[in-house]
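Now for the letters of each chain:
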Amino acid sequence: MTDLTAGLWGLLLEGVWVTVQLTVFSAALGAFVAFVVGVARTHRLWIVRFLSGLYMEIFRGTSALVLMFWIFFVLPMAFGWQLVPMWAAVLALGLSYGAYGSEIVRGALAAVAPAQQEAGIALSFSPWQRLTKILLPQAWPEMIPPANNLLIELLKGTALVSVLGVGDITFGAALVRNALGESAPVYTIILVMYFILAFLLTRVMRAVERKAKAGIGQAPEKGVGVLRKLNIRQQTETSGDFSSAGGA
Amino acid sequence: MSAEKNPSTTANGGTNPAVDGSELIKFDNVTKRYGSNVVLDNLCFDVSSGKHVTLIGPSGSGKTTILRLLMTLVKPDEGTIKVAGDYLSHEEKNGKLVPAGERHQREVRKNIGMVFQQFNLFPNMKVLRNITEAPVHVLGLGKDEAEQRARELLEMVGLTDHIDKYPSQLSGGQQQRVAIARALAMRPQVLLLDEVTSALDPELVAGVLDVLRDIAHSTDITMLCVTHEMNFARDISDDVLMFDAGRVIESGAPEKIFTDPEHERTREFLSAVL
Chain A
1 MTDLTAGLWG LLLEGVWVTV QLTVFSAALG AFVAFVVGVA RTHRLWIVRF
51 LSGLYMEIFR GTSALVLMFW IFFVLPMAFG WQLVPMWAAV LALGLSYGAY
101 GSEIVRGALA AVAPAQQEAG IALSFSPWQR LTKILLPQAW PEMIPPANNL
151 LIELLKGTAL VSVLGVGDIT FGAALVRNAL GESAPVYTII LVMYFILAFL
201 LTRVMRAVER KAKAGIGQAP EKGVGVLRKL NIRQQTETSG DFSSAGGA
Chain B
1 MSAEKNPSTT ANGGTNPAVD GSELIKFDNV TKRYGSNVVL DNLCFDVSSG
51 KHVTLIGPSG SGKTTILRLL MTLVKPDEGT IKVAGDYLSH EEKNGKLVPA
101 GERHQREVRK NIGMVFQQFN LFPNMKVLRN ITEAPVHVLG LGKDEAEQRA
151 RELLEMVGLT DHIDKYPSQL SGGQQQRVAI ARALAMRPQV LLLDEVTSAL
201 DPELVAGVLD VLRDIAHSTD ITMLCVTHEM NFARDISDDV LMFDAGRVIE
251 SGAPEKIFTD PEHERTREFL SAVL
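Line order of the protein sequences matches chains A and B.
In terms of full-length UniProt numbering, the first sequence has 153 at position 153, counting the first letter as 1, and numbering is strictly consecutive.
In terms of full-length UniProt numbering, the second sequence has 70 at position 70, counting the first letter as 1, and numbering is strictly consecutive.
Distance condition first, Cα-Cα at most 25 Å in a straight line; then the derived BS3-like pairs of lysine-lysine:
| id | chain 1 | residue 1 | chain 2 | residue 2 |
| --- | --- | --- | --- | --- |
| 1 | B | Lys165 | A | Lys211 |
| 2 | B | Lys126 | A | Lys211 |
| 3 | B | Lys165 | A | Lys133 |
| 4 | B | Lys143 | A | Lys133 |
| 5 | B | Lys165 | B | Lys126 |
Worth flagging that the hints you see were computed from the coordinates, not collected in a lab.
Only a predicted model underlies this, so the values are computations on that prediction, with no experimental measurement involved.
All chains should be built: construct the whole structure from the sequences, respecting the hints.
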């Protein structure tokens with residue numbers, strides 16, 4: 001530890017910044033893919049359901065690492081253009097984690113009580129209005145806990161990019177390890193760094209979840225005590241809708 | 001009350017010009033099957049504008065299916081349904097009747113409002129928005145006008161104080177009254193009521209029924225009502241249809257059906273529920 005100079009620490013901290021960027025960009029792409037594919041899988045036309053299902057199966061069933069190599073090395077040969085390693089990595093991670101995420105979206109949509117859809121039909125809302133005004137707002141809070149899981153998976157998955165030479169935490173650690181000639185200190189440090197990042201991510205997602213639940217009239221998770229319990233009890237008694245909106 | 005109204009669903013029943021007695025709902029040889037189970041069997045009946053019709057019968061006799069057909073939640077296997085002169089289940093294309101598309105159904109359905117057994121308010125919207133959302137985004141009403149309309153309806157159902165609450169903060173009875181206001185905000189010609197008090201605690205039933213009685217007696221809206229509240233049915237109905245095995249086996253004025261039914265099945269059913 002004592003041998004870790006300020007310069008080497010600098011390498012690791014730059015790596016943290018790159019990892020954060022990778023996570024944010026891949027998550028943004030992944031979330032977009034997840035919503036488009038997840039919603040498409042509930043579409044009334046079978047061809048839309050089939051194509052979105054096919055996408056999900058293919059990208060869920062292929063290794064993100066191999067996909068990354070493929071985008072970085074094969075795509076240039078096939079189409080003649082070359083992505084910088086950072087964007088090749090974001091593309092590969094976003095497309096494959098988006099495939100996992102689409103299942104979360106689909107599951108949460110399926111968990112909204114069918115009666116909500118019927119109430120939307122009864123008021124003559126169009127299918128798009130039913131989706132955006134009724135189904136997605138109610139499915140959204142259900143998506144957050146599994147999405148949190150997936151985000152942490154994605155954060156750790158970004159370590160794959162180090163093999164393309166992108167300077168993330170893991171890449172920085174390899175450099176530091178070469179400089180020091182020993183593995184134990186630096187890998188212990190980055191273990192903790194990944195943990196701290198994952199922990200921060202979880203705190204953010206908890207806050208998002210509380211806000212989302214308050215937005216559909218479910219009391220926040222914390223801080224209201226007895227009142228909240230009464231509310232929950234009343235919900236299950238009177239509206240069945242929440243009790244059936246279970247796991248995604 | 002109901003005594004001064006004409007009990008027949010087909011005869012002209014009103015002095016009010018809005019109640020012109022025309023056929024507002026018309027089922028023509030409608031058959032609905034689920035697998036080999038025939039839920040509605042060549043059903044023909046019609047409801048005149050402004051009438052209050054109650055459907056009674058044992059569970060599984062097809063009452064709720066009629067409401068679900070009118071709400072386009074299910075499609076008939078055979079026969080046609082007309083609402084306000086337009087085909088609901090079908091549309092006319094090049095002189096031929098074809099199963100209706102989503103857009104056509106939505107247009108005809110705007111004449112119909114429905115109140116559900118389980119209320120089905122939108123939990124992600126506060127009370128006011130539950131009521132204004134469809135008038136604004138489906139009918140294209142201005143926001144101010146829709147809110148004005150919502151406030152009047154909330155006053156009518158006695159919930160002005162709860163305008164800014166989420167459905168989960170209301171009791172079942174209050175939620176159901178909001179659901180009634182939400183359906184009426186679309187100014188439908190027909191209101192469908194699907195066992196609207198069945199999910200309520202007994203002490204909350206009266207409040208909801210009072211609101212519905214009030215609507216039945218003070219407006220000319222046409223009501224089609226599935227209920228097990230026989231006293232309510234008797235109070236508001238012009239006509240009662242007794243269903244069994246997907247057919248109307250008996251129909252008539254409530255006094256007649258409830259006191260002196262013709263059909264053995266009706267007698268059995270009424271003695272079981274009254």
